[in-house]
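So the chains spell out like this:
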Amino acid sequence: MAAAIEATFASVNPNVAKGDELRRQIATSLSETRRLQNPNIALQRSVYKGIAALFEGLTKSDADGSVAATTAGDSSGGVVEHLKEHLFRADAGSEAVRLLRADAIAAVVGSCTALAAELRPAILSLAKEDPSTLVRARLSGAAAGASTS
Amino acid sequence: MQIAVREAKRQNAAYRPHAVKALAQVADARRDIDMHETVMGVVKPLLDEDVDSDPMDVDKDGSKASGAADT
Chain A
1 MAAAIEATFA SVNPNVAKGD ELRRQIATSL SETRRLQNPN IALQRSVYKG
51 IAALFEGLTK SDADGSVAAT TAGDSSGGVV EHLKEHLFRA DAGSEAVRLL
101 RADAIAAVVG SCTALAAELR PAILSLAKED PSTLVRARLS GAAAGASTS
Chain B
1 MQIAVREAKR QNAAYRPHAV KALAQVADAR RDIDMHETVM GVVKPLLDED
51 VDSDPMDVDK DGSKASGAAD T
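One line per chain: the protein sequences are A and B, in this order. Using our numbering, you'd call the opening residue of the first sequence number 1 and step up by one each time. Using our numbering, you'd call the opening residue of the second sequence number 1 and step up by one each time.
A few chain A residues that don't get close to chain B, going by computed Cβ distances all over 10 Å:
1. 23
2. 78
3. 90
4. 94
5. 99
6. 117
7. 131
8. 136
Just some of the chain B residues that point at chain A, by a computed CB distance under 7 Å:
9. 17
10. 20
11. 24
12. 27
13. 35
14. 39
15. 47
Don't read these hints as lab results, they were simulated from the structure. Backbone N, C-alpha and C define an ideal beta-carbon position, used for all residues, glycine too.
Produce the complete structure using the sequences and hints provided.
Below, the structure written as structure tokens:
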């Protein structure tokens with residue numbers, strides 16, 4: 001199942017898909033992986049790594065700003081809502097998994113200014129609650145990036 | 001690409017995770033084509049299976065089961 005999640009996120013290709021099609025592919029990947037009931041640690045790792053790789057890829061391919069426009073134009077809330085469900089769920093598990101989640105959050109924030117602004121309050125709230133100093137530091141860094149980007 | 005898709009569609013439970021992982025690697029490597037629909041066609045039934053299944057009624061490894069019965 002972890003391999004299926006990897007394949008789902010790897011199949012989104014911002015070099016080829018643009019605009020509405022790219023947004024639809026991202027939303028589909030996020031919603032399909034969100035359907036998993038009680039994902040174990042291996043699945044959670046795959047989801048967070050997949051999201052991080054996807055949004056890092058978006059940032060790299062976004063030379064003309066079209067990807068930022070794509071996610072910012074997400075007025076229906078599909079991508080943003082799915083991201084919130086994935087990244088801010090209560091049962092994130094061990095510190096290692098929460099670090100991966102923090103990396104995924106940082107990748108998402110780095111990809112789009114509008115998305116960063118929308119997620120910033122939730123990131124700050126998450127950073128306050130986390131018991132690990134390492135995770136808190138990464139989340140705070142992501143939140144700082146969200147405020148400056 | 002077609003080979004990776006064909007292998008990922010095989011039903012052997014022990015083989016399939018490796019084939020799907022290979023498909024993920026192919027999708028990641030091929031930045032020149034759009035593989036989303038193709039990959040989702042393979043992966044969605046697996047995700048549906050997981051969502052619908054009850055893990056208690058699946059015995060994936062027959063050799064372990066028979067070994068346990070022998071002891």
